[in-house]
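K.L.:
So the protein sequences, as listed, match chains H and G.
The first sequence begins at 936 in the numbering used here and counts up one residue at a time.
The second sequence begins at 26 in the numbering used here and counts up one residue at a time.
For the record, the hints were derived by calculation from the structure and aren't laboratory data.
Heads up, a few of these hints could be off.
To be verified - Below 20 Å or equal to it, Euclidean Cα-Cα: the simulated EDC-like pairs (lysine to aspartate or glutamate) are:
#: 1; chain 1: H; residue 1: K968; chain 2: G; residue 2: E42
#: 2; chain 1: H; residue 1: K1210; chain 2: G; residue 2: E52
#: 3; chain 1: H; residue 1: K968; chain 2: H; residue 2: D1147
#: 4; chain 1: H; residue 1: K968; chain 2: G; residue 2: E92
#: 5; chain 1: G; residue 1: K33; chain 2: G; residue 2: E74
#: 6; chain 1: G; residue 1: K33; chain 2: H; residue 2: E1142
#: 7; chain 1: H; residue 1: K972; chain 2: G; residue 2: D60
#: 8; chain 1: H; residue 1: K1201; chain 2: G; residue 2: D27
#: 9; chain 1: H; residue 1: K1209; chain 2: G; residue 2: E74
#: 10; chain 1: G; residue 1: K55; chain 2: H; residue 2: D1150
#: 11; chain 1: H; residue 1: K1209; chain 2: G; residue 2: D73
#: 12; chain 1: H; residue 1: K1088; chain 2: H; residue 2: E1001
#: 13; chain 1: H; residue 1: K1086; chain 2: G; residue 2: E37
#: 14; chain 1: H; residue 1: K1201; chain 2: G; residue 2: D43
#: 15; chain 1: G; residue 1: K55; chain 2: H; residue 2: D967
#: 16; chain 1: H; residue 1: K1153; chain 2: G; residue 2: E74
#: 17; chain 1: H; residue 1: K972; chain 2: G; residue 2: E42
#: 18; chain 1: H; residue 1: K1069; chain 2: H; residue 2: E1111
#: 19; chain 1: H; residue 1: K972; chain 2: G; residue 2: D43
#: 20; chain 1: G; residue 1: K86; chain 2: H; residue 2: D1147
#: 21; chain 1: H; residue 1: K1210; chain 2: G; residue 2: D82
#: 22; chain 1: H; residue 1: K968; chain 2: G; residue 2: D43
#: 23; chain 1: H; residue 1: K972; chain 2: G; residue 2: E37
#: 24; chain 1: H; residue 1: K1210; chain 2: G; residue 2: E92
#: 25; chain 1: G; residue 1: K88; chain 2: H; residue 2: D1147
#: 26; chain 1: H; residue 1: K968; chain 2: G; residue 2: D73
#: 27; chain 1: G; residue 1: K34; chain 2: H; residue 2: D1205
#: 28; chain 1: H; residue 1: K1209; chain 2: G; residue 2: E37
#: 29; chain 1: H; residue 1: K1209; chain 2: G; residue 2: E42
#: 30; chain 1: G; residue 1: K86; chain 2: H; residue 2: D1146
#: 31; chain 1: H; residue 1: K1245; chain 2: H; residue 2: E1142
#: 32; chain 1: H; residue 1: K1086; chain 2: H; residue 2: E1142
#: 33; chain 1: H; residue 1: K1209; chain 2: G; residue 2: E41
Below are the chains, spelled out letter by letter.
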Amino acid sequence: MKAYIQAISYYLPNNILDNKQLSELHPEWEADKISQKTGIYRRHIAALDEFAGDMAEKAGKRLLAEYNIDPLEIDFLLYCTQSPDYFLPTTACILQNKLGLSTTCGALDFNLGCSGYVYGLALSKGLIYAGLAKKVLLITSETYSKFINPKDKSNKTIFGDASTATLISNEKGIYEIGNFSLGTDGNGAENLIVRYGGLRYRHTKGEDILDDNGDYIKNEEDLYMNGSSIFSFTSNAVPILVNQVITTNNLQKDDIDYYLFHQANKYMLDFIRKKLSIPEEKFIYYLEDVGNTVSNTIPIALKNVCINKKKGKILLAGFGVGYSWGGCILNTN
Amino acid sequence: MDLQNFTKKISEQFLEEDQPKVDSEIEFRKLPTWDSLTGMAILATIQDEYGINVPVDDFIKLKSVKELYNYVTNLKK
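Bound-form chain H, shown alone:
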């Protein structure tokens, strides 16, 4: 019994936020200089009346059309988002209907960010191995832009919106899905958070908190990211994760042909690359045109940089909000 990735498609909202616009909105922010560091020059931003569920539907439809897949053959839908359309019902149930999937199909949402795609692959493999599904449709969709405060130039620079759809099945496909290493540390919960709006602080109003220079720090209604803590966490956790993935797949470091990490920002990725002594030619980047699209970064990079272009063993690693992390091997052979 094996599980394979058969197909990947994705959707990007039409509206683009580029550096020119960022500089116009924030004249003191040297957007081009920051792009040198972050590696991000453009981000796609969902329209005001466009939501993660809409984008998920588009990515799903694109996949079905691009690969000529009969929607009735899907027997499980996994939907990864931190921007659910409603508290209830499950957005995946709505998507089952919109994508024309069978009513015998299972469907559920799961709430993860940067580690979401890797967890999605793990869950898909588990469903297949348990005999619960033969063809899993894994959709990721994220609209962090809707959580970002207008004054928050840092987060505006980094995050972009996107959605992806992946088909995983027990039939031979593009990538065989290897073994996983997963992890969680809720101690880091406060470092990437939208505090208000959920049940715990459902109607609490936030206010813009500024520093002595009048620069924006946070608003509890909006996305808050403690960059230093995240950088520090990533720098410590990812090398350990990478080694665990290699070990759990009974491999050596030299067996890994490519490394595809969650595309948080180029500078931090490069820092970790050097820490792990990974040569540049083995390390995959894809963020110039899309930015950090959270759970979408890995499948988008696979689609654009890897499929039909790179052969061998790819080590995936997703890490971030939660804190949550996960890694696995994909193999073309």
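Starting from the known structure of chain H, arrange chain G on it as the hints suggest.
P.N.:
Only chain G this time, still in chain H's reference frame:
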């Protein structure tokens, strides 16, 4: 750990164009490519290389590599 090696490690967190400018006396935050990401990388490097966790509130007050070095060596004692 000596000041020269420490300064080299700190300079490596800057983009290549600024690396030659980083000496122990310079106010490193004034360099053109300095930003919060550089700061994070410096703190992560100090943790990796020297096992010291410099709190962000203390880090903000240290202006030159030499001041940072003195802080870290004091903590290590």
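K.L.:
So, for every hint listed, does it hold in this structure?
P.N.:
Results for each hint:
With a C-alpha separation of about 12 Å, the suggested pairing of K968(H) with E42(G) holds against the 20 Å cut-off. As the CA atoms of K1210(H) and E52(G) are separated by approximately 26 Å, the hinted pair breaks the 20 Å bound. At most 20 Å may separate the alpha-carbon atoms for a hinted pair to count; K968(H) and D1147(H) exceed this at roughly 24 Å. Proposed proximity of K968(H) and E92(G) is contradicted: the alpha carbons are some 27 Å apart, above 20 Å.
Among the hinted pairs, K33(G) with E74(G) is consistent with the structure: their alpha-carbon atoms are about 12 Å apart, no more than 20 Å. With a C-alpha separation of about 43 Å, the suggested pair K33(G) and E1142(H) falls outside the 20 Å cut-off, and the hint is violated. Of the supplied pair hints, the one linking K972(H) and D60(G) holds, its CA atoms being roughly 9 Å apart against a limit of 20 Å. The hinted pair formed by K1201(H) and D27(G) fails the criterion: a straight-line CA distance of about 30 Å is larger than 20 Å.
Our distance criterion of 20 Å between C-alpha atoms is met by K1209(H) and E74(G), whose separation comes to about 13 Å. With a CA separation close to 18 Å, the supplied pair K55(G) and D1150(H) stays within the 20 Å bound. Distance hint between K1209(H) and D73(G) is fulfilled; the C-alpha atoms sit about 12 Å from each other, no more than 20 Å. Annotation: proposed proximity of K1088(H) to E1001(H) is violated, straight-line Cα distance about 36 Å (limit 20 Å).
Among the hinted pairs, K1086(H) with E37(G) is inconsistent with the structure: their alpha-carbon atoms are about 32 Å apart, more than 20 Å. Straight-line distance between C-alpha atoms of K1201(H) and D43(G) comes to about 18 Å, which keeps the hinted pair within the 20 Å bound. A C-alpha spacing of about 18 Å is found between K55(G) and D967(H), which places the hinted pair at or below 20 Å, so the restraint holds. Between K1153(H) and E74(G) the alpha-carbon distance is near 32 Å, which puts this suggested pair outside the 20 Å criterion.
The straight-line distance between the Cα atoms of K972(H) and E42(G) is roughly 12 Å, inside the 20 Å bound, and the hint therefore holds. Note on K1069(H) and E1111(H): the hinted pairing holds, with a Cα-Cα distance of about 15 Å set against a maximum of 20 Å. For the given pair, K972(H) sits about 13 Å from D43(G) by alpha-carbon distance, which is consistent with the 20 Å threshold. Only pairs whose Cα atoms come within 20 Å are accepted, and K86(G) paired with D1147(H) is accepted, the gap being roughly 15 Å.
Restraint check: the Cα-Cα separation between K1210(H) and D82(G) comes to about 26 Å, which exceeds 20 Å; the hinted pair is violated. Proximity of K968(H) to D43(G) is assessed by CA-CA distance (about 13 Å); at most 20 Å being required, the pair is judged to hold. Distance check on the hinted pair: K972(H) and E37(G) sit about 14 Å apart at the alpha-carbon level, within 20 Å; holds. Taking the CA atoms of K1210(H) and E92(G), the gap is about 25 Å. The hint is violated against a cut of 20 Å.
Among the hinted pairs, K88(G) with D1147(H) is consistent with the structure: their alpha-carbon atoms are about 19 Å apart, no more than 20 Å. Taking the CA atoms of K968(H) and D73(G), the gap is near 27 Å; set against the 20 Å cutoff, the hint is violated. Distance restraint check for K34(G) and D1205(H): the Cα-Cα separation of roughly 15 Å lies within the 20 Å cut-off, and the hinted pair is therefore satisfied. A distance of roughly 11 Å separates the Cα atoms of K1209(H) and E37(G); the hinted pair therefore holds under the 20 Å criterion.
About 18 Å separates the Cα atoms of K1209(H) and E42(G), which keeps this hinted pair within 20 Å; it holds. This hinted pair checks out: K86(G) and D1146(H) have alpha carbons roughly 16 Å apart, not beyond 20 Å. Restraint check for K1245(H) and E1142(H): the C-alpha separation of about 48 Å exceeds 20 Å, so the hint is violated. For the suggested pair K1086(H) and E1142(H), the alpha carbons sit about 12 Å apart, so the restraint of at most 20 Å is met.
A distance of roughly 15 Å separates the Cα atoms of K1209(H) and E41(G); the hinted pair therefore holds under the 20 Å criterion.
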